[in-house]
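Student: Sequence:
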Amino acid sequence: MEKIEHPYVRKTAFSGVLDKNLRSLEKRLGISISIRGNSLIIDGPDKNIEFAKYYFDQLQILEDKGYSLKPNDYIVALDLIEEGRPHRLEQLFSAEPLTFSRKSVTPKTLNQQEYIQAMQKHDLVFGIGPAGTGKTYLAMALALSFLQDKSVSRIILTRPAIEAGERLGFLPGDISQKINPYLRPLYDALFDLSLQEPAKSLIDRGIIEIAPLAFMRGRTLNNAFIILDEAQNTTKEQMKMILTRAGFNSKMIVTADITQIDLPHPQNSGVLHAMKILTGLKEIAFVHFNDKDVVRHPLVQKIVMAYQKSETKLQRHK
134 MEKIEHPYVR KTAFSGVLDK NLRSLEKRLG ISISIRGNSL IIDGPDKNIE
184 FAKYYFDQLQ ILEDKGYSLK PNDYIVALDL IEEGRPHRLE QLFSAEPLTF
234 SRKSVTPKTL NQQEYIQAMQ KHDLVFGIGP AGTGKTYLAM ALALSFLQDK
284 SVSRIILTRP AIEAGERLGF LPGDISQKIN PYLRPLYDAL FDLSLQEPAK
334 SLIDRGIIEI APLAFMRGRT LNNAFIILDE AQNTTKEQMK MILTRAGFNS
384 KMIVTADITQ IDLPHPQNSG VLHAMKILTG LKEIAFVHFN DKDVVRHPLV
434 QKIVMAYQKS ETKLQRHK
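Note that our numbering numbers the sequence shown so that position 180 is 313, with each residue one more than the last.
Simulated from the structure, these hints should not be mistaken for lab results. There's no promise every hint is true.
[Claimed, not checked] Here are the simulated BS3-like pairs of lysine-lysine, each with C-alpha atoms no more than 25 Å apart in a straight line:
1) Lys236 with Lys283
2) Lys203 with Lys160
3) Lys180 with Lys136
4) Lys254 with Lys236
5) Lys283 with Lys333
6) Lys160 with Lys435
7) Lys186 with Lys198
8) Lys283 with Lys254
9) Lys415 with Lys373
[Said to hold, decoys possible] Taking CB as the label site, the calculated pair distances span:
10) Asn356 with Ile168: 52 to 60 Å
11) Lys180 with Met438: 22 to 30 Å
12) Phe381 with Arg161: 46 to 54 Å
Just so we're clear, the structure is a prediction, and the values are computed from it rather than from any experiment. Every residue gets a Cβ at the ideal spot worked out from N, C-alpha and C, and that includes glycine.
Please work from the sequences and hints to get the whole structure.
Tutor: Structure representation (structure tokens):
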């Protein structure tokens, strides 16, 4: 056991992150941390202290370059350093935000940043990962950015409604009212980014179209930013259908959580099939998210990890 003094203390931000994340940082680093004047006192096993010193050195380098770290950034930075990717820290924290009428959107993890970069560079991108990782939200943000810049003339948001031929038939209203529960998450993301009235106006004018996947059949979608959400619930035939709808100057983003396939026969998921036959095509990007990319309530990350462990155990016993 050893105790060292490290000069990394920011009286404004770091003292704040200590209030919120001290226990988490201590647990992750396997040390105890206290503040003495303008220094950190780090106590613990020699190996852990050495890693903690390296971690705080990297944070100091970032801040010396003018980057202002928010409380969650300390955890994200630790994730990258533990993964052996400290050289990517500056790339993450230098990301330019996407700015809209209601808010600005900045990637919170490296995978989120790589997702945005992939969407900017490629015409077809698959975002694969658990709930809460920002797959749909970031795709929506980039779609609105493209629309603002007049890079596309419309946005098309679609998702499968796998129960449309069964339980929805008993619901009141016309087809749009029956299908609305399946499209609600797309509306939620849209209205969170844009003022409600302008967003409604764009929908009324057909510049933003939100529709079930079945409505895409037979169409050619030119000059459009297309988002297929919850794609794990498409069949192979549906996936082929939507992928071949893209026309000139169109971009398509496919989001999926392959741990939550609701099809009667999950092995027939269109996304699983597409991942097998399309991986390797340089024109297509696949971005994979994990539990560390979950940006909802911290408990969600723990829930995702618990389910992943359980599913891993089940697969081992099969």
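Student: Run every hint past the structure and note whether it holds.
Tutor: Results of checking the hints against the structure:
no. : hint                           : in the structure
1   : Lys236 with Lys283             : 20 Å, holds
2   : Lys203 with Lys160             : 20 Å, holds
3   : Lys180 with Lys136             : 12 Å, holds
4   : Lys254 with Lys236             : 24 Å, holds
5   : Lys283 with Lys333             : 19 Å, holds
6   : Lys160 with Lys435             : 15 Å, holds
7   : Lys186 with Lys198             : 19 Å, holds
8   : Lys283 with Lys254             : 16 Å, holds
9   : Lys415 with Lys373             : 18 Å, holds
10  : Asn356 with Ile168: 52 to 60 Å : 56 Å, holds
11  : Lys180 with Met438: 22 to 30 Å : 25 Å, holds
12  : Phe381 with Arg161: 46 to 54 Å : 49 Å, holds
Figure legend: structure checked against the earlier numbered hints; every hint is met.
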